[in-house]
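**Q** If you want the building blocks of each chain, they are given just below.
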Amino acid sequence: MAPPPGISHDSGYVCKLKKTLYGLKQAPRAWFEKFSIVISSLGFVSSSHDSTLFIKCTDAGRIILSLYVDDMIITGDDIDGISILKTELARRFEMKDLGYLRYFLGIEVAYSPRGYLLSQSKYVADILERTRLTDNKTVDTPIEVNTRYSSSDGLPLIDPTLYRTIVRSLIYLIITRPDIAYVVHVVSQFVASPTTVHWAAILRVLRYLRGTVFQSLLLSSTSFLELRAYSNADHGSNPTDRKSVTGFCIFLSNSLISWKSKKQSIVSQSSTEAEYRAMTFTTKEIFWLCWLLVDM
Amino acid sequence: MIKCFRCDLGGEYTSNKFCQLLALDGTIHQISCTDTPTQNGVAERKHRHIVETARSLLLSAFVPSEFWGEAILTAVSLINTIPSSHSSGLSPFEKLYGYVPDYSSFRVFGCTCFVLRSHVERSKLSSRSVICVFLGYGEGKKGYRCFDPITQKLYVSRHVVFLEHIPFFSIPSITHSLTKSDLISIDPFSEDSGNDSSPHVRSICTHNFAGTGTLLSGTPEAPFSSTAPQASSEIVDPPPRQSISIRKSTKLPDFAYSCYSLSFTSFLASIHCFVELSSYKEAILDPLWQQAMDEEFSALHKTDTWDLVPLPPGKSVVGCRWVYKIKTNSDGSIERYKARLVAKGYSQQYGMDYEEIFAPVAKMTTIRTFIVVASIRQ
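Residue numbers (this note's numbering), protein chains in the order written: chain A, 283 to 578; chain L, 5 to 382.
Because the hints were derived from the structure by calculation, they are not lab data.
We put the beta carbon where it would ideally sit given N, CA and C, even for glycine.
Hints are supplied without guarantee of correctness; some may be wrong.
To be verified - When the alpha-carbon atoms are kept at most 25 Å apart in a straight line, the in silico PhoX-like pairs for lysine-lysine are as follows: (1) Lys542(A) with Lys342(L); (2) Lys319(L) with Lys368(A); (3) Lys319(L) with Lys300(A); (4) Lys331(L) with Lys298(A); (5) Lys329(L) with Lys545(A); (6) Lys342(L) with Lys378(A); (7) Lys367(L) with Lys298(A); (8) Lys319(L) with Lys378(A); (9) Lys157(L) with Lys300(A); (10) Lys331(L) with Lys378(A); (11) Lys525(A) with Lys542(A); (12) Lys378(A) with Lys329(L).
To be verified - With beta-carbon atoms standing in for the labels, derived distance ranges: (13) Met356(L) with Thr447(A): 40 to 46 Å; (14) His163(L) with Pro521(A): 47 to 53 Å; (15) Thr522(A) with Glu359(L): 16 to 22 Å; (16) Thr413(A) with Thr42(L): 29 to 35 Å; (17) Arg126(L) with Leu437(A): 40 to 46 Å.
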């Protein structure tokens, strides 16, 4: 690597890296491996159903750690074990204890005895600010009823960058907003060559979001461990390739934990076939969730 | 055929001639009792409608109340053309004539406008237009009624350019309302009323000129305060549409923040407000950032990140740069200035500089499940 500005060196000399540095392609992988080694040395086992979930079971109880790059949430019934884990991690890494869960990956977390409320109000406000909408209109639904979008509608946008940026932001927003999952699935099909019609669809989502900035997702504490799943499919709704769309949502008791709106990969020849595919898809997710819950 | 004509005791409809006219058609003439306007309720209710509309026109555009007559005329013409729920969504105009009135000619009452001067009024080098306040629609003429308070002239013209987003008058406290004597010199039905240049009118002119000057340049409380410094130039040179849209969109976060608790608002606000640098040249001048870079360097040295070696022949170098970031606590206060050395990984080549790069991140479903399980077990 070229020596950074601010250090003295002879000309012709370069820095030979022995460790990875921010910005290198292999940096995330190296970090994850490093963390895995440290956490395994503390007796944690990575879950085989989500490798970023680390679990330690002792006589005193169970500690679960969820890692998202360099942010982590720790929970468990072994209070002493958690504080030991925190001091141990602080010794190995330079890290900071933010206390109770309040703000995680841009998601605002509010705790009440009824459960945890997840919302991304600030994120929504940021998206709206970035698009600089000139009016203050709101709409009640994120998408027009019975509208079929195809890639040939309208005129191509001159600069598709903003479209792609907004779609990317909306995809991240689905974390707490199942209500826009369907429309985001629609608009993200056109990122390659968006047109004015698709941009109008985006604007409608944004106006909808403006009216529902503070909508949040309640993860109820009165739940018990029981999965309920709902799945649905339409048939051949896409005017271009006639593929069907799967939709499902899965509740853990009364908290919505998993949902998806996704175009099926194969053309279904009947609505029954489409529904079967949707059910298969949902069942796979249920199986995975069951395993995950067993791990926890 | 009118069967019955009811009016109050105002005296406008009690002349002998009028009574005879009514009698000729066999119309009954009813007059309400003294001090009993309730007996003339239908007309009084309509008056209320008209006066309320006119009042909102005046107040919303900060137009001085002296222009009430113009406001009433405009209110009536608006009421006549606006669809009403009473007549199942039809406007009185539509009901009468059977076709939809032309709404495209409507303009914002009290806004700033520029009226093209007539050939007689302008010379080759004088200004082509005159700045006016828009006061309504021509009566019997196809044109806009625009009043120039400087020359005390009322124009009825169709050659008008409007700046509908800029009210001519500003908030009432600083509005130099026209005095009673001004009002006398305004004859809204005569276009040449301001032309007699008596000394009296002249003094009013200068007074008004100063007045409008302050009005246009804006004050901190003015509705468009965010652009107050440039406001006077805005009048001369209409701003591009874009700047208006910026103004509107910046309003939104304020609205959003107001719904949060006080401490959270300060947190959100402070995230935006600190300036983060983008270049080494700027940062090296600031001792705070210098210290931050020193810290990063010592950390890199402590972990023994690199050795200085001569570049092997035939190899290329990956660049690096500083990234500056202000870290905030969860309550929004500045925690520290953070400088970070990053490698320009985009110039790395697969197979040469790196191979496997996949690293897992937590699935959001896992995190949600995780939180539910945690909250249940609590």
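**Q** It remains to establish, for every hint, whether it holds in the given structure.
**A** A quick look at each hint next to the structure:
no. : hint                                 : verdict
1   : Lys542(A) with Lys342(L)             : violated (38 Å)
2   : Lys319(L) with Lys368(A)             : violated (43 Å)
3   : Lys319(L) with Lys300(A)             : holds (17 Å)
4   : Lys331(L) with Lys298(A)             : violated (30 Å)
5   : Lys329(L) with Lys545(A)             : violated (40 Å)
6   : Lys342(L) with Lys378(A)             : holds (14 Å)
7   : Lys367(L) with Lys298(A)             : violated (35 Å)
8   : Lys319(L) with Lys378(A)             : violated (39 Å)
9   : Lys157(L) with Lys300(A)             : violated (83 Å)
10  : Lys331(L) with Lys378(A)             : holds (12 Å)
11  : Lys525(A) with Lys542(A)             : holds (16 Å)
12  : Lys378(A) with Lys329(L)             : holds (17 Å)
13  : Met356(L) with Thr447(A): 40 to 46 Å : violated (32 Å)
14  : His163(L) with Pro521(A): 47 to 53 Å : holds (50 Å)
15  : Thr522(A) with Glu359(L): 16 to 22 Å : violated (38 Å)
16  : Thr413(A) with Thr42(L): 29 to 35 Å  : violated (55 Å)
17  : Arg126(L) with Leu437(A): 40 to 46 Å : holds (44 Å)
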